[in-house]
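If you want the building blocks of each chain, they are given just below.
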Amino acid sequence: MTRGDNPGEKADLVAELGKLGARDPESARLMGMIVALAGEVFVLKAQVERLTRALESGGAVDAKRLAAAAADEGMVKWLAEEEAAFSRSLTAPYLEPDLSVNATRWMREK
Amino acid sequence: MANEAPLSFEATAFQCFVRGLRGVWRDEAYRGAVEAAKRAGSDDLPEIERRARESSAYRLYSWLERHSQQFKYYGRYGVVRWMEQRKGALEKVLQDAAKRHPERLVLDPALALPDYVEQVDTHQHGGGIWSDACDAFAYETSSSAYSFSLFNPRSPMDVYAAAARAIAPQAKAILDLGCTSGGSTRALKRAFPDAKVTGIDVAAPTMMLAHLRTLEEGLEIHWRQANAENLPNEHGSADLVASHWLYHEMPPAAVRRSLREARRVLKKGGGFLAYDMYLVPGGAIGRWLQAGYAARNNEPFAHTYAGMDMKAELEAAGFTGIEMRVAHPEPDDAVKAGALPEFRTHYMTMITARAA
Chain A
166 MTRGDNPGEK ADLVAELGKL GARDPESARL MGMIVALAGE VFVLKAQVER
216 LTRALESGGA VDAKRLAAAA ADEGMVKWLA EEEAAFSRSL TAPYLEPDLS
266 VNATRWMREK
Chain B
-11 MANEAPLSFE ATAFQCFVRG LRGVWRDEAY RGAVEAAKRA GSDDLPEIER
39 RARESSAYRL YSWLERHSQQ FKYYGRYGVV RWMEQRKGAL EKVLQDAAKR
89 HPERLVLDPA LALPDYVEQV DTHQHGGGIW SDACDAFAYE TSSSAYSFSL
139 FNPRSPMDVY AAAARAIAPQ AKAILDLGCT SGGSTRALKR AFPDAKVTGI
189 DVAAPTMMLA HLRTLEEGLE IHWRQANAEN LPNEHGSADL VASHWLYHEM
239 PPAAVRRSLR EARRVLKKGG GFLAYDMYLV PGGAIGRWLQ AGYAARNNEP
289 FAHTYAGMDM KAELEAAGFT GIEMRVAHPE PDDAVKAGAL PEFRTHYMTM
339 ITARAA
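So the sequence lines, in the order shown, correspond to chains A and B. Residue 166 is where the first sequence starts when you use the working numbering, and the numbers rise one by one after that. Residue -11 is where the second sequence starts when you use the working numbering, and the numbers rise one by one after that.
Everything labelled a hint here was simulated from the structure, so no lab data went into it. Because the structure is a prediction, the values reported are computed rather than measured. Be aware that one or more of the hints could be misleading.
From the structure, some residues in chain B lie toward chain A, with a derived Cβ separation under 7 Å [claimed, not checked]:
#	residue
1	Ala1
2	Tyr62
3	Pro239
4	Ala283
Distance windows between CB atoms, simulated [said to hold, decoys possible]:
#	chain 1	residue 1	chain 2	residue 2	range
5	A	Lys184	B	Ala344	40 to 46 Å
6	B	Arg88	A	Ser222	40 to 46 Å
7	B	Pro97	A	Arg253	57 to 63 Å
8	B	Asp320	A	Ala235	46 to 52 Å
9	A	Leu244	B	Ala241	56 to 62 Å
10	A	Gly183	B	Arg313	31 to 37 Å
11	A	Phe251	B	Asp15	54 to 60 Å
12	A	Lys184	B	Arg27	18 to 24 Å
13	A	Phe251	B	Asn218	37 to 43 Å
14	A	Gly239	B	Pro220	54 to 60 Å
15	B	Ala77	A	Arg218	44 to 50 Å
Glycine is no exception: its CB is placed at the ideal position from the N, C-alpha and C atoms.
Bound conformation, chain B alone:
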């Protein structure tokens, strides 16, 4: 993978510093926050929040959770600021890539972005990942440098692709919804080399970056700018509809519309796969931590998604054989028994189903 805008020495050093802060957030501050929450002696989340606020450790934890992310993107050495200084060159890189195999990249300039995309500044990334080339490259750089997967030797993309193979081993037509810059889509293509794999996202810049990275890897993947709530695909045309970190970025009503669309485009018996934050370990304190993360990192739908009854939602949308399990990282015995993990992490839930 080419690096079109390598960070300067100083910016790289500053990002090391921010990662160090994130480490404090993940370890010491987290454990202090958990102890403070336990002292509240309550399963009532607002009460836990009020009592934990008395703890310096929780105040540090919550400050770091919100503001270390802002330091990552902004400030003198922030990733977004760095990319903005190279905007023209980065736009040209994407425009040039779009001219190669243009039949594989179908953009829709008339597509209206949902308000929940435009107004949230997801991950506190001002303007989101959908605005321009700078944002696409900034998202790619920051997600690869800060991903929770750095702390786990098994790539979540491999876990995702393996689950796809398990649910639909003979799939020939695959949709990857909410694919952003296409890492999950490329993992699917590697797992299904003979299938037609299409990545779908509402954001044009990240789709263009996905196209570029795929050309670099020599894969043939199709990209279509569209909303997962209103897919351009024919009824019963897909063998597998998959998504990787999508539904926690959508409000419940949009999730429901997307599930119905997934069922509409799937063949009968086709596979459905959603890899996302859903099941939350650690009881009330785990849910409180997850809600705090949702609030402070501008991922509000991580909270609403965790509150949905996905089994009932999938059944209502026309799915059967619904299964869900924590897939990544593999929870240890203590976490399986209901304990909180030793450090802050996102447990990813694999939800699979079949079109009835």
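Bound conformation, chain A alone:
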């Protein structure tokens, strides 16, 4: 077990680490979008799994009922609302890729 107590070593290291995502900002943004999208997909999968289990247990699902639900006014309204919320959520990490302050200047405290 050791301690990182070389002041000269720290100075350069902090400068390197302080760049955070600045070396490849486009990739960082795109990665954020991909992960946000993947998160939505995960939530969706969980919802579908939950719903399927519930409907199957009640014997409530068949093709006719699904078609009727797709045409339902409430479903159409949901789609309109969701398209806006979904798009904002998806693109937010690109527009604002790093929400936190860069606190690495504090690593030079003596």
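Knowing the structure of chain A, use the given hints to seat chain B on it.
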């Protein structure tokens, strides 16, 4: 423990997804980053950083280290966002709790928060854990759901309390510095049921939440909003001054002031206990990983604390009998011999001493 703001099904599912990302960070990405660092063939940390950047595994590791935390708190299903939608109700819960046994909860609205608390956004929690009720509940939810202790069967709180019993078995007056929402303080109270245990923190919302949780458990603990650098306690009034994950959140100058304050309020021969990230396994690569964690998770003082000579600092502050060891998780033989662990984890160091 009541759950005043249970996450929705969707938010819970999303947090499962983020935990999965954290698992990749902890395992595959970590091991790839370590291999990249080894290929650098250097003990110079900036050189390790520059060379490791060429590795996709390290780029993924560092991206996940910073941004998975942001997904945890923010975004559509983030814990902070969830709590913000329930701000009024959560504030009322804390205000109502504060009316019960108010003599046990002493807040100081005039207390100025240190700049290193206000400006860092510790853990990338915007506004920190000190701003309002939402932040206190968000901190509690996220720390319990994501703690490294989830991967270890022995609770770090139990390890902490056992160490306190070892250093000061007869303690009657105990201070728990930097107690946040009071989990460590409650562990001390359970270990010392006859002692007067006081939790101290600069943040009012987390103290109020600590008070609430303690009432729920039926314990009698006192809470005092104060700065560990300037304690309100009398000289020589405490048998034990303990802290759990505190000093890695303070710059060195503040740590030094806190050590002097701990010595001032301790009786001669009283026990000092600090449980925190200090000793770092794995040589240069271990220190590089720790520095990266400090930078990317907005815990800059995890870097400066690891660089302090705590034995010398404690001696200068008036302590003797100083001992330090890695206490949690228990390192295996390979790690003890200097190897890096198989997966990314924080090794907690137990530092104990006595007031000279």
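Subject >> Status of the B/Tyr62 interface restraint (C-beta, 7 Å, chain A) >> reply: Holds, about 6 Å.
Subject >> Outcome for the supplied range 54 to 60 Å, where the beta carbon pair is A/Phe251 and B/Asp15 >> reply: violated (31 Å)
Original post:
Does the Cβ pair B/Pro97, A/Arg253 satisfy 57 to 63 Å?
Top reply: violated (38 Å)
**OP:** Evaluate the given range 37 to 43 Å for the C-beta pair formed by A/Phe251 and B/Asn218.
**Re:** Roughly 50 Å apart at Cβ, these two residues miss the hinted range, so it is violated.
**OP:** Under 7 Å, Cβ to Cβ, is where B/Ala1 needs to be relative to chain A, so tell me if that hint holds or is violated.
**Re:** Hint holds; B/Ala1 Cβ to chain A Cβ min 4 Å, cut 7 Å.
Subject >> Outcome of range test on Cβ distance (A/Lys184, B/Ala344; 40 to 46 Å) >> reply: holds (45 Å)
**OP:** Can you let me know if the beta-carbon spacing of A/Lys184 and B/Arg27 is within 18 to 24 Å?
**Re:** holds (21 Å)
**OP:** Just tell me: holds or violated, for the beta carbon distance of B/Arg88 and A/Ser222 against 40 to 46 Å?
**Re:** holds (44 Å)
**OP:** Take a look at whether the Cβ-Cβ distance between B/Ala77 and A/Arg218 falls inside 44 to 50 Å.
**Re:** violated (31 Å)
Subject >> B/Pro220 and A/Gly239 - C-beta distance against the hinted 54 to 60 Å >> reply: holds (59 Å)
Original post:
Per the hint of 46 to 52 Å, is the separation of the Cβ atoms of B/Asp320 and A/Ala235 within bounds?
Top reply: violated (56 Å)
Subject >> Cβ separation of A/Leu244 and B/Ala241, checked against the hinted range 56 to 62 Å >> reply: holds (57 Å)
Taken one by one, the earlier hints fail for this structure at numbers 7, 8, 11, 13, 15, listed in ascending order.
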